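Visitor: Protein sequences, first through last, are from chains A and B.
If you want the working numbering, it's the 1-based position in the first sequence plus 673.
Number 184 in the working numbering belongs to position 199 of the second sequence; there are no gaps in the numbering.
Think of the hints as simulated: they come from the structure by calculation, not from any bench.
There's no promise every hint is true.
[Unchecked claim] Some chain A residues close to chain B (C-beta under 10 angstroms, calculated; not the full set):
| id | residue |
| --- | --- |
| 1 | Val746 |
| 2 | Pro770 |
| 3 | Ser814 |
| 4 | His838 |
| 5 | Glu890 |
| 6 | Asn908 |
| 7 | Leu923 |
| 8 | Cys977 |
[Unchecked claim] Derived DMTMM-like pairs: lysine to aspartate or glutamate, alpha-carbon spacing no greater than 20 angstroms straight-line:
| id | chain 1 | residue 1 | chain 2 | residue 2 |
| --- | --- | --- | --- | --- |
| 9 | B | Lys45 | A | Asp834 |
| 10 | B | Lys303 | A | Asp880 |
| 11 | A | Lys869 | A | Asp915 |
| 12 | B | Lys45 | A | Glu828 |
| 13 | B | Lys179 | B | Glu201 |
| 14 | A | Lys869 | A | Asp880 |
| 15 | B | Lys45 | A | Asp915 |
| 16 | A | Lys948 | A | Asp994 |
| 17 | B | Lys250 | B | Glu236 |
| 18 | B | Lys153 | A | Glu768 |
| 19 | B | Lys303 | A | Asp834 |
| 20 | B | Lys303 | B | Asp85 |
| 21 | B | Lys192 | B | Asp55 |
| 22 | B | Lys45 | A | Asp758 |
| 23 | A | Lys778 | B | Glu75 |
| 24 | B | Lys45 | A | Glu914 |
| 25 | B | Lys203 | B | Asp85 |
| 26 | A | Lys869 | A | Glu828 |
| 27 | B | Lys44 | A | Asp880 |
| 28 | B | Lys113 | A | Glu768 |
| 29 | B | Lys112 | A | Asp864 |
| 30 | B | Lys250 | A | Asp834 |
| 31 | B | Lys179 | B | Glu87 |
| 32 | A | Lys799 | B | Asp24 |
| 33 | B | Lys44 | A | Glu828 |
| 34 | B | Lys303 | A | Glu768 |
| 35 | B | Lys153 | A | Asp972 |
| 36 | A | Lys948 | A | Glu895 |
| 37 | B | Lys44 | A | Asp834 |
| 38 | B | Lys153 | A | Asp982 |
Predicted model, so just to flag it, every value in this text is computed and none were measured.
Backbone N, C-alpha and C define an ideal beta-carbon position, used for all residues, glycine too.
Take a look at the letters that make up each chain.
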Amino acid sequence: MKKNIILVVIFTAVIYGYPQITRSQVGLNTIYLPLIQTPIPDPSISRYVYSSPVNALNWGRNEALADNGEIVVILNFGQPWFQDDTHGVLLFEPEHPFMSLHQIKANLQAFFVGYSSGINSPLITKPPYLILVAGTNNYGSLGYVNSSHGQAWAEMINEIDYWLHNCGEGCTLSTYMTVVGGIDLELDWNDPVTTKSWVNGYDSVTDRPYYNYGTCEGCPFEYPEGGGCPNCIPNNQWSMEDVWLVSWGLQSAWTMPEIYTTNRANAYQWQNLSKYAYINQRYSIVYVGSVTQWGACTDPIIGCNPGEDNEPLEGWKQFYDALNSTSITSQSLPFATDFMHAHNQ
Amino acid sequence: MNKTQHFSVFVILFVGLFIITQSSQLTTATHTDINKNIDRTGVCNAVFAHRLRLVEGTKKRQMEDIAYEDCLQPNPIPQTIILEPSVPMETTISNLARRDVEGGVIIENGLSPFPATTYLFTNHWYKKTDNNTITIYAGAKKTNQNSLTPQMQGVILFIYNSPDNPRKEEYLLPIDSDVRIVDIQATKIVLFSKINKLFFTFDMTSKEVSANLINEYKRLTEWGIITENPLSVDRKDGFLIENQFQYQNNEQIFKLLAGSEENQKAMMLLETYSLERPSELVNTFHISLPENIIYAGSLRIVDVQNNLVTLTIGTGAKIVFDLQTKQLVSWPQMP
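This is chain A alone, in the form it adopts within the complex (with noise of 0.2 angstroms):
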């Protein structure tokens, strides 16, 4: 019976030792099951990338692992920048290091090798599929959020692209995996002139989309219940198609926007830019998922205010009961995704 229970302990050890049934600890696929008649999405882990460690590999990999199905995975590197006659970004710890598009194209590389890995794992039990995102955002001024480095951004996407398809000789990877670019674009951060130029600049060079995970602030919204803010308007000399354009006018952009408030506000704005792009456009918006903040509002150093800290399935259900609380911007909600930091593993 005393060794049944140890191998039971060391059984556990080893099974414990893959990252996905850690990851699944998150234990959310389950909560609103009963409640909506449409699939409901496995959450991925987005990161805010750090210099050190920077383990693509294992990122990927470990999502891989997870056994999550068909997934968005976002890296947020940060902020556009040039230095050394090269494009780039600053990274979010203190000291801002510099990372060359270069040095980001290698991690972004590194991912899908580790995501290509892991989904040999006879462990995995659901199809999967990994579109990778590699995000930078709209913050700074003095001009490096620009169309330059939107060009060169969009020039990043299309090498990796590429490079899917013609990894080298003997080198194979799953066409389970494809990459877009993307764009953490708060309207706070910057004007719209600046912004869009940005994207403009991404557009004018791929046929591969952008994906905007940003927000919506200040935009106006109206629960179904009554009440909201619908005479708001887009902060920071933002219009309504301003916005509209940035997250689906554009023939590349498509958005999967932060849903963190937890009293249904972000949900509503964005479903309110759906519903302003079929009255001005005719068309309304598809969006493609959506993405929270739990993983850095659990984190110790980063944390979250109260009110912004949706779950992952909590910010998808709030998503998808808004967008689908209109026929005319009703529409599936394939993914969900929430951010993380990594600057401790």
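Knowing the structure of chain A, use the given hints to seat chain B on it.
Guide: Same frame as chain A, now just chain B:
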């Protein structure tokens, strides 16, 4: 072997397997289960279901159709994956404006890992000791967002990144605008609200804030005095002066003024005064600035080392001015 030995071998095998699964870096991964009976079409249909909602013939739809077709291609799960020759995962020191203060560094950039929906930071100071890093962000906290009456309040945020007690502490300041770290003296943080033209002092030990009655703040350097919000020259000649650096030689007093014109153009002046008659302006030298930084905001002096003055503009871009040659030595390059 007896039962105990059998069991020992069993344990060793399990532990070995555990270690292998944890430590493998998988630069080359061997196939273990190539055909999982995955319905490839089903996967691609699910991932790209939204494409059917796009209008046929549009570029957006075409792009998604291509991605869908790509998904259907062979090699869904390859047998062998080889990482291309490794590329160093390196970063380099960014050319942001910075200043060494009290064993730490002030970085003149407001990027932070915190959501912009909550905070807008202007700069931060950080200090590393062994495994610990303390970072103090200064800026504004946004409250009452997503309403018709959004508000801002000055804030400083302490981040203690240590293995023993990682934590975050937030302190709101009695002011409805953002603040910037101007200086740190021992345990005192000197903060400035540009909009309200007010200085605050925050004590890192007692965690108490006090509004300073001073209207300008002077800090000594080895080479002269930097004055923040210098009253004597504020709005001089239509200029909005952020700060000034004053130094002298045996004959003259020099004042380097940084700020902007009222039309938001960045500007920098070097004024010369007679040592014998300090109030008498001898001449004014307008320092010409590169086109790409003129409209990037207001210039501000960050630090002075020997003859080199470090200034910043926008979100932390670094500009270096040589006092001897009266020329810019370096400034942000544009692609």
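Visitor: The structure should be examined with respect to each hint, and the outcome stated for every one.
Guide: Going through the hints against the structure:
no.	hint	verdict
1	Val746	violated, 13 angstroms
2	Pro770	holds, 4 angstroms
3	Ser814	holds, 4 angstroms
4	His838	holds, 8 angstroms
5	Glu890	holds, 6 angstroms
6	Asn908	holds, 8 angstroms
7	Leu923	holds, 9 angstroms
8	Cys977	holds, 7 angstroms
9	B/Lys45 / A/Asp834	holds, 18 angstroms
10	B/Lys303 / A/Asp880	violated, 35 angstroms
11	A/Lys869 / A/Asp915	holds, 8 angstroms
12	B/Lys45 / A/Glu828	holds, 19 angstroms
13	B/Lys179 / B/Glu201	holds, 11 angstroms
14	A/Lys869 / A/Asp880	holds, 17 angstroms
15	B/Lys45 / A/Asp915	holds, 18 angstroms
16	A/Lys948 / A/Asp994	holds, 14 angstroms
17	B/Lys250 / B/Glu236	violated, 32 angstroms
18	B/Lys153 / A/Glu768	holds, 18 angstroms
19	B/Lys303 / A/Asp834	violated, 35 angstroms
20	B/Lys303 / B/Asp85	holds, 14 angstroms
21	B/Lys192 / B/Asp55	violated, 58 angstroms
22	B/Lys45 / A/Asp758	violated, 33 angstroms
23	A/Lys778 / B/Glu75	holds, 12 angstroms
24	B/Lys45 / A/Glu914	holds, 18 angstroms
25	B/Lys203 / B/Asp85	holds, 17 angstroms
26	A/Lys869 / A/Glu828	holds, 18 angstroms
27	B/Lys44 / A/Asp880	holds, 9 angstroms
28	B/Lys113 / A/Glu768	holds, 10 angstroms
29	B/Lys112 / A/Asp864	violated, 33 angstroms
30	B/Lys250 / A/Asp834	violated, 42 angstroms
31	B/Lys179 / B/Glu87	violated, 23 angstroms
32	A/Lys799 / B/Asp24	holds, 10 angstroms
33	B/Lys44 / A/Glu828	holds, 19 angstroms
34	B/Lys303 / A/Glu768	holds, 14 angstroms
35	B/Lys153 / A/Asp972	holds, 10 angstroms
36	A/Lys948 / A/Glu895	holds, 11 angstroms
37	B/Lys44 / A/Asp834	holds, 18 angstroms
38	B/Lys153 / A/Asp982	holds, 16 angstroms
Checked against the numbered hints above, the structure breaks hints 1, 10, 17, 19, 21, 22, 29, 30, 31 and satisfies the rest.
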